[in-house]
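Here is how the chains run, residue by residue.
Number of protein chains: 2
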Amino acid sequence: MRSVPAKNVAILGSGIFATEAHLPAIAALGDAIQLKAVYSRSNKSASAFARDAQDILKLKNPLDVYHDEDPAASLDTLLARTDIDAVIVVLPITVQPAVVLKALAAGKHVLSEKPVAPDVKQGRALIKEYETKYKTKGLIWRIAENWETEPGHHAAWRVIQEGKIGKVTFYNARVVNYIDENSKWYKTPWRTVPDYQGGFLLDGGVHTIAALRVILPSPMKTVSAFASLAKDILPPHDTINAIVRSADGSHGLVELTWGAPTPSRSSEAGNNITVTGTEGWLSVTRANGAVRVVVKTITRDKDGKATGETEEVIEEKEVGIRKEIEGFAQAIDGADDGLDDPRGTLVDVAFIEAALNSDGAPVDLVELAKV
Amino acid sequence: MRSVPAKNVAILGSGIFATEAHLPAIAALGDAIQLKAVYSRSNKSASAFARDAQDILKLKNPLDVYHDEDPAASLDTLLARTDIDAVIVVLPITVQPAVVLKALAAGKHVLSEKPVAPDVKQGRALIKEYETKYKTKGLIWRIAENWETEPGHHAAWRVIQEGKIGKVTFYNARVVNYIDENSKWYKTPWRTVPDYQGGFLLDGGVHTIAALRVILPSPMKTVSAFASLAKDILPPHDTINAIVRSADGSHGLVELTWGAPTPSRSSEAGNNITVTGTEGWLSVTRANGAVRVVVKTITRDKDGKATGETEEVIEEKEVGIRKEIEGFAQAIDGADDGLDDPRGTLVDVAFIEAALNSDGAPVDLVELAKV
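So the protein lines, in turn, are chains A and B.
Be aware that the first sequence starts at 1, since it is given in UniProt numbering, and climbs by one per residue.
Be aware that the second sequence starts at 1, since it is given in UniProt numbering, and climbs by one per residue.
Bound-form chain A, shown alone:
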């Protein structure tokens, strides 16, 4: 069915997200991605992933396993293989930048997990190096930001573009999360004692900002925020209260916390994104493996007088991870849809960084995220 050869791909990283999110997504893509090899720091983890991959992807041959315990099976050895076209990087946040550069230098296309970098400075440097040295040679580097490829978010964007809710006036994003020591995410060592700004706020918060980037009709321009640590186990920060103004003058609130004291604080928070306009409003909620967009529009009689409101519900399955890998494969084939661009995802990191440092004062996001 495909007119281009399948991509031979290695995955760098073998943690929870590589296993639980990437493997099924690659499986769902059929023959677009041929997973050939895995690299992890430990032999044990890489080997376990290789077994899972053979299972889930129904591979005839097991994955080739690379790890730091044997110099002959190192990451460098993997990257020296000429039969590997591309790599998917799913490593701890602060490890990624060096690995992304190493892979690009080895001539591989790269899909690396969000955030694009642990901070704006490193992100900007990475993007500059990519654009000057590797993009020019035709190498693709995209960021695996699945909230940017999520069809439900694009559906919300289309509703606004079609004018259904009129001119956007204000918006709101609320993410209230409960995390305790038993959370599988908390147990990831690099998340338990993070060596990057924001902790879960960076790791998880960038998703919400990416969704706002997709949905809103105008780029977010200025952010003012207060940030703090509510829950001792989640240093350095777990809570951001932010206001943001977009280039078109609309403005909104962004509430991000992983510091809910009890599960009910999270489940009863009404987590969602709402966008309000002059002719209606919409809410975007993620639940039960789907993104649900509810659109309410003012109905008017022939004289323009409001007579009531209508409701439209759009539900899209959560397939962002499959879409991000598919988009990566298509970009390698020369059909880049412009999503998951490093410059775009740098805005997400910039938002979190701005909010962490704002101390209530406005930060120019556009300036901060300028490469």
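In case anyone wonders, no lab produced these hints; they're calculated from the structure.
It is possible that some hints are incorrect.
Stated by the list, open to error - If you only want the chain A side, here are some residues facing chain B, beta carbon under 10 Å, derived:
#, residue
1, 231
2, 241
3, 257
4, 280
5, 294
6, 309
7, 359
8, 362
Note that beta-carbon positions come from the ideal geometry of N, C-alpha and C, so glycine has one too.
Given chain A, put chain B in place with the hints provided.
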């Protein structure tokens, strides 16, 4: 039953709120307040109120009616009466300051509707004049801020004082309201074309700030906000998105809008105040004539390990207006509980004014509300 003589009171203003809120509250207070007279600009409105009052308060004699159409029945004539001890002022926002001063100058105790003044400058001047010229003579001036006297809000405060939710970390107040041309509040001429900052944001928004003042354990100190007009019929502004930091370092979001495009935007917003702490959280919701406080607290075993959470529900009837008048009467009797103090309510006006002018930059609320 009462050991002190009943207060002979005149009400200045005869609009919706005077009739629908003050009259029933005065009735509920029994013999504490003897309503003797009413003043309004128009004879028609004052006379209609007098009839309602005789009815609702079951008065033997009708109220004395004062209005601007007959110089012999003017406000000055009313205030010259020596048998009137106190006045309740329920007039349009920008009319109130001059009337409050006139009543104080005539030696009357004054309960005046919130906000204390249309802006901080006028509020500060009023308070200074009251404190230097009239308070010293034993005259009482309180602000009818019923959200400050509401028992439900004090219940939430007590929960926090008792340490049930631990140390407060972050909080949230959401007020999303739908107003159209048919609203009885919108139809009040002085609300339709307001001659004061903020429009409904000042008139209604001060209530929410007053509730936060009562509930939170530490004074709000710094506010950053964006403000705008979402709905053409509600100039000058109808929407505030604010972040605020309290003196104890906790911080929160305040979302105020009267610019919801459709009723569902308001009814589905989940309007409430939530306060989150290290050991639990609480929500404060106003509905069906009551204030409902739901408290969730982490339960712990003997080793301090979290085992789950408990829920406690406190429901208090909405009786803030009765309480504010009762507090006024008691203050005249020498038992001032310190609530509804002009200096306190000046903070509410300062918050709205700060939010309207902030443009994303932090404003020092304590400094702004300093008299």
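For each hint, the structure was consulted:
no.	hint	verdict
1	231	holds, 7 Å
2	241	holds, 5 Å
3	257	holds, 7 Å
4	280	holds, 6 Å
5	294	holds, 9 Å
6	309	holds, 4 Å
7	359	holds, 8 Å
8	362	holds, 4 Å
In this structure, none of the earlier numbered hints is contradicted; all agree with it.
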